[in-house]
Amino acid sequence: MSQYKRMENPMFNPVSAPDYLPPEKLRELQTERFAFIIRRAYENVPFYRRRMDEKNLKPEDFRTLDDVKKLPFTIKADLRDTYPFGLFASPLKDIVRLHASSGTTGKPIVVAYTQSDLDVWQETMMRTMAAAGVSKDDIVQVAFGYGLFTGGLGAHYGAEGLGATVIPASGGNTERQIMLMKDFGVTAVACTPSYFVHIIEVAEKMGVDLHKLPLRRGMFGAEPWTEEMRRHIEEGAGIRAFDIYGLSEITGPGVGAACECQCGLHIFEDHYYPEIIDPDTLEVLPDGREGELVLSTLSKMAMPMIRYRTRDLTSIMTERCACGRTIRRISKISHRSDDMFIIRGVNVFPSQIETAILNEGKNLPHYQIILTRSHGLDNVEVDIEMTQEMFSDKVSAIESLTARFSHAIEKVLGIRVAVKMLPPNSIPRSEGKAKRVIDRRGNN
Amino acid sequence: MKLNQLSIFAENKPGSLNRICSILAENNIDILTLSLADTTDFGILRIITKDWEKARDVLTENRIIVRVTDVVAVEVPNRPGGMCSILDTLSKYSINVEYMYAFAATKAAIIILRVDAPEMAIEKLKADGSVKFVSPEDIFQS
Numbered sequence: 001m002s003q004y005k006r007m008e009n010p011m012f013n014p015v016s017a018p019d020y021l022p023p024e025k026l027r028e029l030q031t032e033r034f035a036f037i038i039r040r041a042y043e044n045v046p047f048y049r050r051r052m053d054e055k056n057l058k059p060e061d062f063r064t065l066d067d068v069k070k071l072p073f074t075i076k077a078d079l080r081d082t083y084p085f086g087l088f089a090s091p092l093k094d095i096v097r098l099h100a101s102s103g104t105t106g107k108p109i110v111v112a113y114t115q116s117d118l119d120v121w122q123e124t125m126m127r128t129m130a131a132a133g134v135s136k137d138d139i140v141q142v143a144f145g146y147g148l149f150t151g152g153l154g155a156h157y158g159a160e161g162l163g164a165t166v167i168p169a170s171g172g173n174t175e176r177q178i179m180l181m182k183d184f185g186v187t188a189v190a191c192t193p194s195y196f197v198h199i200i201e202v203a204e205k206m207g208v209d210l211h212k213l214p215l216r217r218g219m220f221g222a223e224p225w226t227e228e229m230r231r232h233i234e235e236g237a238g239i240r241a242f243d244i245y246g247l248s249e250i251t252g253p254g255v256g257a258a259c260e261c262q263c264g265l266h267i268f269e270d271h272y273y274p275e276i277i278d279p280d281t282l283e284v285l286p287d288g289r290e291g292e293l294v295l296s297t298l299s300k301m302a303m304p305m306i307r308y309r310t311r312d313l314t315s316i317m318t319e320r321c322a323c324g325r326t327i328r329r330i331s332k333i334s335h336r337s338d339d340m341f342i343i344r345g346v347n348v349f350p351s352q353i354e355t356a357i358l359n360e361g362k363n364l365p366h367y368q369i370i371l372t373r374s375h376g377l378d379n380v381e382v383d384i385e386m387t388q389e390m391f392s393d394k395v396s397a398i399e400s401l402t403a404r405f406s407h408a409i410e411k412v413l414g415i416r417v418a419v420k421m422l423p424p425n426s427i428p429r430s431e432g433k434a435k436r437v438i439d440r441r442g443n444n
Numbered sequence: 001m002k003l004n005q006l007s008i009f010a011e012n013k014p015g016s017l018n019r020i021c022s023i024l025a026e027n028n029i030d031i032l033t034l035s036l037a038d039t040t041d042f043g044i045l046r047i048i049t050k051d052w053e054k055a056r057d058v059l060t061e062n063r064i065i066v067r068v069t070d071v072v073a074v075e076v077p078n079r080p081g082g083m084c085s086i087l088d089t090l091s092k093y094s095i096n097v098e099y100m101y102a103f104a105a106t107k108a109a110i111i112i113l114r115v116d117a118p119e120m121a122i123e124k125l126k127a128d129g130s131v132k133f134v135s136p137e138d139i140f141q142s
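Chains A and B, in that order, give the protein sequences.
Residue numbers for the first sequence follow this note's numbering, beginning at 1 and rising by one.
Residue numbers for the second sequence follow this note's numbering, beginning at 1 and rising by one.
Bound conformation, chain A alone (with noise of 0.2 Å):
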């Protein structure tokens, strides 16, 4: 059915066949590389002999994907604590690649590839890039940032690989990067939403319309955003946003990615295998039922991950996809568990907060979450930038939009927030990932 399906669509790319694998066929290539890697990690790495050790766990005693719940999870701390290659199942001399993702405390984690592991990475990417419909027919712009981050040069080698026309722009420098989407005629761009959100706002500035560009694809990814935020995006550029995801800890960007149904994120399962479980109790949950993603890597040769514990919070689609993809789906990524704040008692995460401040604006305007403490007491304030739209010569008027935007929030969060409005520019730019909350509650 679904190979009927794939051959019927004239968008169909070729890089998207494993995307089709029957059910059966897929579980049977996960378990043979999930045991693969196993053995790999256990006699090529000391960590994994060791946490398999303590839990008298051998290689062998992984027979079918129903032994994966007995496994040890690793969490971010185990990259730290094994920096930097520690966890480096290949000797030097085979690794090629090094990135790096900035820890926000001390040590950055490395990730580490061989060339059999960038030669999956670009696949999975050209996979991603072909669910949004990009083909060796259009021009890419990747605007993430190039460096030891992996989200430029994963974009890059993917839609190189595709055969489309690349311009390598990294981030930054909003105002040319405007000008190569007008002079080149890009068709397709890849960066982070919040800095798509700001290239929207440079070019209204400009006087450049987006939506008279031959602009028509963007793929997301690298932060959680919300569905208000997509449509924000696909009505102020007139084009469609496209889901991505992925995590150096696993290879980058290239492991789920939206596909033109633009509903939740296929995983590439062929080469990692998606499990949610629940944070507290540590127990497996079964599909549909919210949790954290946890992630293996299948055939990651240089740095094996068993287990992974991503902090992000999703759940997996239990309906088949209409775009006819038998690999499965995971939900949205609106938050991370590690985003969340709490304030008094209460669980928050800023993606609340923002779709109450797009639900009461008609554009997303820039906001900034600040925590402070007084006296014991927890204070939310959020800081949103006055906009043309919004600003009249009346105080009143004013006022009572302040008040709205308070009232939407407190609604969400259940306790007093100030909502205070600042002049345009005051909320410092992201060219990477968008810094929404601020905790000065150490500070006090």
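Think of the hints as simulated: they come from the structure by calculation, not from any bench.
Certain hints may be false.
[What the hints assert, rightly or not] Covered stretches of chain A, going by a simulated chain B footprint (3 or more residues, C-beta under 8 Å):
1) 140 to 148
2) 178 to 188
3) 209 to 218
[Stated by the list, open to error] Derived pair list, reagent style DSSO-like, types lysine-lysine, alpha-carbon separation capped at 30 Å:
4) Lys54(B) <-> Lys55(A)
5) Lys420(A) <-> Lys205(A)
6) Lys394(A) <-> Lys132(B)
7) Lys124(B) <-> Lys394(A)
8) Lys394(A) <-> Lys13(B)
9) Lys435(A) <-> Lys205(A)
10) Lys205(A) <-> Lys54(B)
11) Lys25(A) <-> Lys69(A)
12) Lys13(B) <-> Lys205(A)
13) Lys13(B) <-> Lys435(A)
14) Lys55(A) <-> Lys124(B)
15) Lys50(B) <-> Lys182(A)
16) Lys132(B) <-> Lys92(B)
17) Lys205(A) <-> Lys50(B)
18) Lys54(B) <-> Lys212(A)
Ideal Cβ placement from N, Cα and C applies to all residues, glycine included.
Given the structure of chain A, go ahead and fit chain B onto it with the hints provided.
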């Protein structure tokens, strides 16, 4: 008559008015009169200037939020009770004054009125006959 007032958003913190004023000064824009509304967090600076279009453009270029608002300028005698007849007329027709400010010349004072229905206000004040409207030409000569 109707005048174009510029309404400018300013943060309530030291330096934010300086910034607006120095942009206007650098562009040689003469402010005839102004008023400032302030709250704890923000302020709205309202200015009347002959070069309102140029002022609006240079402020916008500097990413300052500015909006053009229609206001009504009338002249009243500079003596006790001079303003009352205008307010009487407006209240008779339930025209709401959002805010107002004035500047005085020697003999007469000019009042800038922001009302919810500027067209109607002009019509009724005209019919009333007791006020003298001030045109932009009158105001900006000198």
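State the violated hints by number, sorted upward, taking the hints as numbered earlier in the document.
-> The structure breaks hints 1, 2, 3, 4, 14, 15; every other hint is satisfied.
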